[in-house]
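**Student:** Residues per chain are reported as follows:
There are 2 protein chains.
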Amino acid sequence: MLTPFRVDTNSLYLTDELNRVGIEVARKVIVGDDRAALREAMREALERAEVVIAVGGLGPTEDDVTREAVAELLERKLQLNEAILRGLQERFRRFGRQMAEVNKRQAMVPEGATPLENKRGTAPGLWMETDGGIVILLPGPPHELKAMFEAQVRSRLEKLSGGLRLHARELRVTGLPESDLDQRIAPIYTGYSDAQTTVLAAPGEIQIHLRAWSREASAANRLLDEMVERIRFALGETVFTTRGEELEEVVAKLLNENGATIAVAESCTGGLVAQRLTSIPGSSSYFLGGVVCYSNEVKAAWVDVPEELIQEKGAVSSEVALALAEGIRRRSGASLGLGITGIAGPGGGTREKPVGTVHMALAGSAGMKERSFHFPGDRERIRQQASQAALDMVRRYFLAKQREAGGKN
Amino acid sequence: MLTPFRVDTNSLYLTDELNRVGIEVARKVIVGDDRAALREAMREALERAEVVIAVGGLGPTEDDVTREAVAELLERKLQLNEAILRGLQERFRRFGRQMAEVNKRQAMVPEGATPLENKRGTAPGLWMETDGGIVILLPGPPHELKAMFEAQVRSRLEKLSGGLRLHARELRVTGLPESDLDQRIAPIYTGYSDAQTTVLAAPGEIQIHLRAWSREASAANRLLDEMVERIRFALGETVFTTRGEELEEVVAKLLNENGATIAVAESCTGGLVAQRLTSIPGSSSYFLGGVVCYSNEVKAAWVDVPEELIQEKGAVSSEVALALAEGIRRRSGASLGLGITGIAGPGGGTREKPVGTVHMALAGSAGMKERSFHFPGDRERIRQQASQAALDMVRRYFLAKQREAGGKN
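So the sequences go chain by chain: A and B. Under the numbering used here, read the first sequence as residues 238 to 646, first letter to last. Under the numbering used here, read the second sequence as residues 238 to 646, first letter to last.
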């Protein structure tokens, strides 16, 4: 973790889990595979916190020094644990291999420590209680760490932390610039001193995280629900979920609920919209097909965009977006057709149609809608924002339908 | 950075940059916005290292305490820097806004510190030399941090670190399991005690990072080039780049070099292959179009897969993959047609065709090739591995062509 290669996701997972059981993370320290450095880092941590979790360094090689470092620090002898050794030998037998002598190191347990079984790998974890606090050793591979935490660590920590818990909510927003969003909701969240608000922006999406520490679940939930309602009211339909869903999940749900099907004809997004719509399990119930039509010939031959229209208005135009949407709807027999054309760059921009110009259209039984955008950023950000706006068109189509149906009742 | 929301990428960027100028990262510490905690963390760091970089906490709000913490630690007074203040006021004027009083805090500079201009934001950085070492304060937003590091920090650090530099190489491999790869190359890299080797596996791809610290560029480069050559020889054509390229970049280059064009008909990958092929700037020179054909009707109507064939062999079969490849090639007029069909799951698997079964085919002027796979993992991993294998089929098609051309000469 001191190289430039590996993003730290374990500590995010652990922070989330610890917060949920009422434990705040006071500090994160990353040290190399050095016994003295690790021992000193853990000593400092134990002076500061009641619970210290060390991740990684439990493997069989000489680089794996966490067991030794913690045994030294707590002045406990390492003893061979026969049960762990048998488990390791058994595991190797199951995979038809002979256990190497070095793996024996993984069966060494400091006196008084409770081993934590690793069902996904060879490295057992350890749970140790001392005068200074609790030390937990977990394996580094994320799937091993998660399985061990869920099965053996979470419930133990829940007992420790009394009734204090972190309660959290998340809203996700699309179609609103971050500065506008903050102007609208800052007057709300600054009024709640008992809750922390974090606003995170990604291309085409803003996440609003609300968190409150409390011993009383009902009070915290009331507070957070009230904040969610007020923020949702201030932001209106730009809020697409309060359940942490991806936009494509929300759109998939709306398509299924309405018994609708969709097909996509995309140019500048190059398959990204189809890929997102089909990333959801069971997407074959609503997704009929997609066409990535880069060349003008393909736009004409595969989606019936009139060549005169392309010549007259240009391939990147509202008119061509509408023709793509209508063409793909007719060709696929889907209830909705989505058409996207634009300039993702870096080349291809002009003064009239700069890089970032994107036109999109949605065709349904009740008619057509179209929207035009100028997205900032590089090719990847432009494509991401365009796919987000296209999915949002589908979402808003169903919201409008619901409103109309409500109005008629 | 002590919440569960934000992945730490700044420290990876800085580690890479520091390594390049010959500075090794000994420790990373993440503390909250607390002046005492920050001061103590920096004190500990200065005892341990010659250079300490603090990232973030330079904004105008009360939470931003890095300037104060470092001034306290080094016992230096904070003084208002008139030039920075004027720059801030100027910046606000340019955006048509009035500077708030709180922003004045950003113009406070500890005695003897050198301000580092921030062209992308309001928070200036700071460079401070002390008896104990060098302290550098950088802003948290990644684009501000990067711009400031490149323009004002890198060259200063280069002077400090003498001639010691980290030299690095990277190989990327596809189509080989990690255990096989390690068995083939461990005898090589374990023989080089002067170089560190890191092997990182992702779905469908393994990266091999080679690093050597040296004062002599030529010796390090000789060593690393020799390792690259030996590893490349051991792994053969599974190595697709030694320049850190994505597989789609390598394929794009091969298509362009060969004056070839491609079209894709994909089922289980749902647009992912098209999206990757079009993520490269200038992809319109080789990518003609793609079809995402989820339903059997679309496979028949859009890519001319005979319905009898689907009934007889099943939609997930080598025969249908071949028909997709040939159909999309004919329909698009591309020199290469790529067809992919499979079961990404979680539903849809059977005993004969379990989740992860993927058939793919490539059609060219010289004939057709097909391959079948059983990929492990969840929907996302299966789709990722399938797209990787599909792109690799295109790469290997050109490698075979080159070999044949070589053989004929």
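What the hints contain is simulated information worked out from the structure, not anything from laboratory work. Using N, Cα and C, we set each Cβ at its ideal position, and we do this for glycine too. Do not rely on the hints blindly, as some may be mistaken.
[Said to hold, decoys possible] Going by beta-carbon spacing under 8 Å, a handful of chain A positions derived as facing chain B:
no. : residue
1   : Val268
2   : Arg272
3   : Tyr426
4   : Gly428
5   : Tyr429
6   : Ser430
7   : Thr434
8   : Val436
9   : Ala511
10  : Phe524
11  : Ala537
12  : Ser554
13  : Leu636
[Said to hold, decoys possible] With a Cα cut of at most 25 Å, we get these calculated DMTMM-like pairs of lysine to aspartate or glutamate:
no. : chain 1 : residue 1 : chain 2 : residue 2
14  : A       : Lys356    : B       : Glu534
15  : B       : Lys265    : A       : Glu338
16  : A       : Lys383    : A       : Glu474
17  : B       : Lys383    : A       : Glu305
18  : A       : Lys490    : B       : Glu534
19  : B       : Lys265    : A       : Glu617
**Student:** None of the hints should be skipped; say for each whether it holds.
**Tutor:** Verification of the supplied hints:
A distance limit of 8 Å between C-beta atoms decides the matter here; for A/Val268 the minimum to chain B is near 6 Å, and the interface restraint holds. Taking 8 Å as the C-beta cut-off, the interface hint given for A/Arg272 is violated, the closest approach to chain B being about 15 Å. The interface hint given for A/Tyr426 is violated, since its Cβ lies 14 Å from the closest Cβ of chain B, which is over the 8 Å cut-off. A least Cβ separation of about 17 Å between A/Gly428 and chain B goes past the 8 Å threshold, and the interface hint is therefore violated.
Annotation: A/Tyr429 was flagged as interfacial toward chain B, and the flag is violated, the nearest CB pair being 16 Å apart, outside 8 Å. Using the Cβ-Cβ criterion of 8 Å, the hint placing A/Ser430 at the interface with chain B is not satisfied: the shortest such distance is roughly 13 Å. Hint status for A/Thr434 relative to chain B: violated, with the closest Cβ pair at about 11 Å, above 8 Å. At about 10 Å, the closest approach between the beta carbon of A/Val436 and any beta carbon in chain B exceeds 8 Å, and the interface hint on this residue is violated.
At about 3 Å, the closest approach between the beta carbon of A/Ala511 and any beta carbon in chain B falls short of 8 Å, and the interface hint on this residue holds. At its closest, the beta carbon of A/Phe524 sits 5 Å from a beta carbon of chain B; the interface hint therefore holds under the 8 Å criterion. Against a cut-off of 8 Å between C-beta atoms, the interface hint on A/Ala537 is violated, since the closest Cβ of chain B lies about 11 Å away. The interface hint given for A/Ser554 is broken, as the beta carbon of that residue sits about 17 Å from the closest beta carbon of chain B, more than 8 Å.
Annotation: A/Leu636 was flagged as interfacial toward chain B, and the flag is violated, the nearest CB pair being 25 Å apart, outside 8 Å. Between A/Lys356 and B/Glu534, the direct Cα distance comes to roughly 44 Å. Violation of the 25 Å bound is thereby established for this hinted pair. Annotation: proposed proximity of B/Lys265 to A/Glu338 is violated, straight-line Cα distance about 34 Å (limit 25 Å). Of the pairs offered as hints, the one joining A/Lys383 and A/Glu474 is violated, with about 36 Å between alpha carbons and a cut-off of 25 Å exceeded.
For the proposed pair B/Lys383 and A/Glu305, the alpha carbon gap of about 39 Å is over 25 Å, so the pair is violated. This hinted pair checks out: A/Lys490 and B/Glu534 have alpha carbons roughly 23 Å apart, not beyond 25 Å. Proximity of B/Lys265 to A/Glu617 is assessed by CA-CA distance (about 30 Å); at most 25 Å being required, the pair is judged violated.
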